[in-house]
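A.B. asks: Going down the list, the protein sequences come from chains A and B. Counted from 1, the first sequence has number 49 at position 49 by our numbering; the numbering is strictly sequential. Counted from 1, the second sequence has number 83 at position 83 by our numbering; the numbering is strictly sequential.
Hints were generated in silico from the structure; no laboratory data involved. Where hints are given, some of them may not hold.
With a straight-line cut-off of 20 Å between C-alpha atoms, the simulated PhoX-like cross-links for lysine-lysine are [what the hints assert, rightly or not]: (1) A:Lys-121 / B:Lys-58; (2) B:Lys-112 / A:Lys-119; (3) B:Lys-60 / A:Lys-121; (4) A:Lys-129 / B:Lys-38; (5) B:Lys-27 / A:Lys-119; (6) A:Lys-145 / B:Lys-38; (7) A:Lys-119 / B:Lys-60.
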Amino acid sequence: MQMNTPNLLAVDESPFPAPSAVPHFLTAQAVSESASMSDKSDEFPRLQAAPAHSTALPPAAAVRELPVRTLNLQAGTGVAQKAATPAAAEAAVCTFPAGLSFEGDATLPCDFAVMGSIKGKVALTGQSKLVIAAGGKVEGEIVAKSISIDGEANGKIDASGGLVSFGENARCTGSIQYGRMSMAEGAEVEATMKKVA
Amino acid sequence: MTTNPHISSPAAAAIAGMRMIDEATFKAATTVVPKGAKLEGAMSASSDLALRIEGEFKGKLILATGGAIHIGPGSVVDCEAMEADIIYVQGTIKGSVHARKSLELGPSSRIKGNVRYDDRLDVHSGARVSGSIKGPEVDGE
Chain A
1 MQMNTPNLLA
11 VDESPFPAPS
21 AVPHFLTAQA
31 VSESASMSDK
41 SDEFPRLQAA
51 PAHSTALPPA
61 AAVRELPVRT
71 LNLQAGTGVA
81 QKAATPAAAE
91 AAVCTFPAGL
101 SFEGDATLPC
111 DFAVMGSIKG
121 KVALTGQSKL
131 VIAAGGKVEG
141 EIVAKSISID
151 GEANGKIDAS
161 GGLVSFGENA
171 RCTGSIQYGR
181 MSMAEGAEVE
191 ATMKKVA
Chain B
1 MTTNPHISSP
11 AAAAIAGMRM
21 IDEATFKAAT
31 TVVPKGAKLE
41 GAMSASSDLA
51 LRIEGEFKGK
61 LILATGGAIH
71 IGPGSVVDCE
81 AMEADIIYVQ
91 GTIKGSVHAR
101 KSLELGPSSR
111 IKGNVRYDDR
121 LDVHSGARVS
131 GSIKGPEVDG
141 E
């Protein structure tokens, strides 16, 4: 009997992926779309465990809650790390999205694309490239080996020995230290420029 | 499905559902502070952004309605104020955290300070919190 119950269940549940076979996060969309399904797949382990403690329901519920939690927990960390590691650390490109504003000091070890608005100091270490995209704005000080501006930059730009390039939407005021420079037609630049090799 | 955390069976499903929503929320998250980066100051957003912090951040971080913050593993945050709808913590936080909807503390999270959540809290085994936790005192609608 005890063998039959889970088997029957397994047949019943067969259209759905068994919770143990498929990691929880893979079914995330399906689960969030239909709560009833997540209920069913969650009940699966409990019903298997139920015959063992046939008299006591609370322990069964406790048993059931634990595996669900650990599954989710692993799914959570796994997904987060998968999403985070290759995109941010390995490829080392960081974006500052439109709609976000920041006031203060920023030091970054990677390429940085600004689409939002930054007031303060932005410093990129190494050979990293700073991009101020159209719509992006930086007010203050910029230090990087390679700077590409297609948005707005006001203040001090320091790309000593490096490259500064202005796109056609660029607007820039202040002072610029550069090694090499390129400027597209349409760029509005009003700045003191100094070549520093 | 009830959101009452005292009812054990549907609550697990509810939590599972919440977890899943969080996954989707952070799938499109932009890493604003990558590993090795240091930001100090005040950050705020008017739109519903999902941000990820993996480096060091010090200051204020306030996101408008719909905003979500993921404090990634290994990150160190020292914030006088952090506020967003959804906050998922896997790193170290010192200071105040306020999640207007859900707050989830992953197994590697270390929090010292004041934690506030207005709807749901999920603390995974392994998380460390030292300080105060303030939540809704009445069951939500």
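A.B. asks: Now tell me if each hint is right for this structure.
C.D. replies: Hint check results:
For the suggested pair Lys-121 (chain A) and Lys-58 (chain B), the alpha carbons sit about 14 Å apart, so the restraint of at most 20 Å is met. In summary, the hint linking Lys-112 (chain B) to Lys-119 (chain A) is not supported, as the alpha carbons are separated by about 29 Å, beyond the 20 Å threshold. Note on Lys-60 (chain B) and Lys-121 (chain A): the hinted pairing holds, with a Cα-Cα distance of about 16 Å set against a maximum of 20 Å. Between the alpha carbons of Lys-129 (chain A) and Lys-38 (chain B) the distance comes to roughly 16 Å, so the proposed pair stays at or under 20 Å and holds.
Note on Lys-27 (chain B) and Lys-119 (chain A): the hinted pairing is violated, with a Cα-Cα distance of about 28 Å set against a maximum of 20 Å. Between Lys-145 (chain A) and Lys-38 (chain B) the alpha-carbon distance is near 18 Å, which keeps this suggested pair within the 20 Å criterion. The straight-line distance between the Cα atoms of Lys-119 (chain A) and Lys-60 (chain B) is roughly 14 Å, inside the 20 Å bound, and the hint therefore holds.
Against the hints set out earlier in the document, violations occur for numbers 2 and 5.
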